[in-house]
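A.B. asks: Chain by chain, the residues:
2 protein chains.
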Amino acid sequence: MRITELSSERREELLSGLREKYEAFRSSGISLDMSRGNPPKEQLSLNSDILNAVTDPDDCISEDGTDCRNYGVPFGLKEARELFSQLIQVPADNIIIGGTSSLNLMYDTISRAVTHGLAGSPRPWGKEKHVKFVCPVPGYDRHYKILEHFGIEMITVPFTGHGPDMDIVEKIVADDASVKGMICVPVYSNYTGDVYSDETVKRLAGMQAKAPDFVVMYDDAYVVHDLYGVPAEIPSFFDECVRAGHPERPVIFASTSKMTFAGGGICCVSFGDENLELAKKVMAMQFITHDKINQLRHVRVLRDLKTVRERMDRFGSMLLPKFEAVEDTFEEFLGSYDIAEWSKPRGGYFICFRLRYGGAKRVVAMCADAGVKLTPAGAGFPYGVDPSDSYIRIAPTFPSVDDLKKAAELLSICSLISALENNTPLEV
Amino acid sequence: MRITELSSERREELLSGLREKYEAFRSSGISLDMSRGNPPKEQLSLNSDILNAVTDPDDCISEDGTDCRNYGVPFGLKEARELFSQLIQVPADNIIIGGTSSLNLMYDTISRAVTHGLAGSPRPWGKEKHVKFVCPVPGYDRHYKILEHFGIEMITVPFTGHGPDMDIVEKIVADDASVKGMICVPVYSNYTGDVYSDETVKRLAGMQAKAPDFVVMYDDAYVVHDLYGVPAEIPSFFDECVRAGHPERPVIFASTSKMTFAGGGICCVSFGDENLELAKKVMAMQFITHDKINQLRHVRVLRDLKTVRERMDRFGSMLLPKFEAVEDTFEEFLGSYDIAEWSKPRGGYFICFRLRYGGAKRVVAMCADAGVKLTPAGAGFPYGVDPSDSYIRIAPTFPSVDDLKKAAELLSICSLISALENNTPLEV
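For the protein sequence lines, the chains are R and H, in the order given.
Residues 11 to 438 (my numbering) make up the first sequence, in order.
Residues 11 to 438 (my numbering) make up the second sequence, in order.
Isolated chain R, as found in the complex (with noise of 0.2 Å):
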């Protein structure tokens, strides 16, 4: 049902009905957190395996025979190596371990670019007039914010169900030098819930780009994150980019914050072998080890990808009726007008939800209003702006099964409130 057609009666009588529905919710003293992505309490309670991998402080040698609990190896155990070139299709000889946070990883490489440059930088970035990355969006606010930390221009690309539109992608990064790089999440992007196709990743590969020194940030925060036991299958942009000539551009992060505590987690930072070099260099003298103890307890229980994939479709099955209470809420709601649409991911940690009469500020502000918190609207667009006004994300992890169909339900009430009395679709 198109709203615009509604004549203004049955509007308004279905508003004042949506008004009172709102009021209820408003004093029913509902206090909910989805504004960020967090994995569940039952999910963290099945990790006593990691907390329990390691604890006789004579167990703690790594099989080249490293004892983890003593300085040395920088870069990483071998078989911590090894487990996350399963996961990431990088060869474990590229691949640096580092802390808790993938993020940091990035952090310092960006950091690293503009106080030294990356391979074939001419300079550092810090000496060059503009610096700019190409964004996919909606996409993650953190990365913009590292960004936006360095001065280093935005510039937002569409999605088009199978990645970023790459038409336009490869128009950018062949025509402007200053185009340094970009940053994405190649599986179920945050947060669409795109899958990068074969073709997307291998035109990101293969591009040309004016930068010397161009890089592709490749998040892999959600590589295993299937919710329905069937793996994302996309190919090694590391192997992608080598064929292509193109080695020095990916820049492969990911950790196991969702796989096992995203408060005491393990992460890596891959490169191809000039910017490895140049990366291990300047880590020898922020670093002399990470926590090698916790690499090794990871090792011990993820061991594998087929482990891994074990475990996730483990955790998969607890977030998959989570990811539908909210799907079918919306459906049984919203699913009569033409006011919004949302993404169905098969993995991932989010729902993207778009208004098609805009309104989303409005809309976040009334649900924070009754209670409900969602991730700020624009937060998925550089400086924290969707020129649009439209995009929602729903992070539905952590509640609980309930409290996720409220907030939906919440959540359509406000859009439809919103689109009923703005009543003026973004598109014709």
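All clues given are correct.
A pair holds if it fits inside one copy or across any two, identical chains being indistinguishable in the list.
Simulated crosslink set (EDC-like; lysine to aspartate or glutamate; CA at most 16 Å straight-line):
#1 K88 x D77
#2 K291 x E158
#3 K51 x D69
#4 K51 x D77
#5 K51 x D66
#6 K51 x D68
#7 K316 x E92
#8 K415 x E342
#9 K212 x D177
#10 K212 x E180
Read the hints as simulated data drawn from the structure, not as lab findings.
Given chain R, work out where chain H should sit, using these hints.
C.D. replies: Frame of chain R; chain H shown alone:
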């Protein structure tokens, strides 16, 4: 005995005997690495309490109810900040907890100053023509590598036995606005073992600096690492700075690397209020959390200063025989000659060995050739250059007492050979 006063016959006779001993060492197949300050295995094996402090995933809640397994609390658990507060004499609210490596926090602090500046900076350090740091020497090579990496010029200042020569430091810092900082190890200084006196600390806090953003990077790496069970008493540098009207001056670091596991500890940095806010603003972009589970392990075991001191006394009594073995061997083989002096530290991780006839590079090379790897000569100086070529750092913590005796004997033999062959003291 002054070797310059030896008759040439006696010198040749001595040399001949020493060369014979050296060759015997060379063919004995000794192989020993004393280049870095690693905790010994027997100490690491006492840390099962840390590994078993958190083994139940539902027992990961901090005092304020934070679920340590999940994201959040980026700047560290309150109880972890309170623990370090007691160790480094800084208010808990001014402390930020990091991952395994305090060196990483130092790198980050300098990197942030270079790209964005610190409290009071007229502009980012990277936009200044010259940035200089005061470096008491001999000091910690990893400090100098970070400064060198960012193009920061280093001005060396000698030690007095109770810290750097403050007359010189005060003059440099008061006269030159490009002197933005000083980097130092105030307790059991690496190499010399100096413990900064009350006067040194107060003058460091109170001295006038020409640069409005002058900071003292105060690496409290060995603050509770006493060898004789006698705590190093030193005023709170943080409090002294506040009292002197220089609240943004102190940037204080510490870690548990040598209290629990070098390969799995926690660390901290602290700032004055304004620098703290600046740091938090940027760190909020760098990571969502550090490893809070490991923070929990540490606070549950280390608890408070008293408990830490008991633990460190236990470790100190394991290390003391090692230090004494080296000192006694030097006394035995070098005590009757005028060719060397060595520190007898009350704590920390190193013995500072100084050759009065120079030749440190040659002596280190001779030892390496005979199977004993020492810290490279010159490492205690910026750019790896010791102008007098006289300092050698001994790291006696890791090897066994027997190995240490052999290594110290070899070093004595090499030092005597070098001095007798050279026969020219550095000072008259």
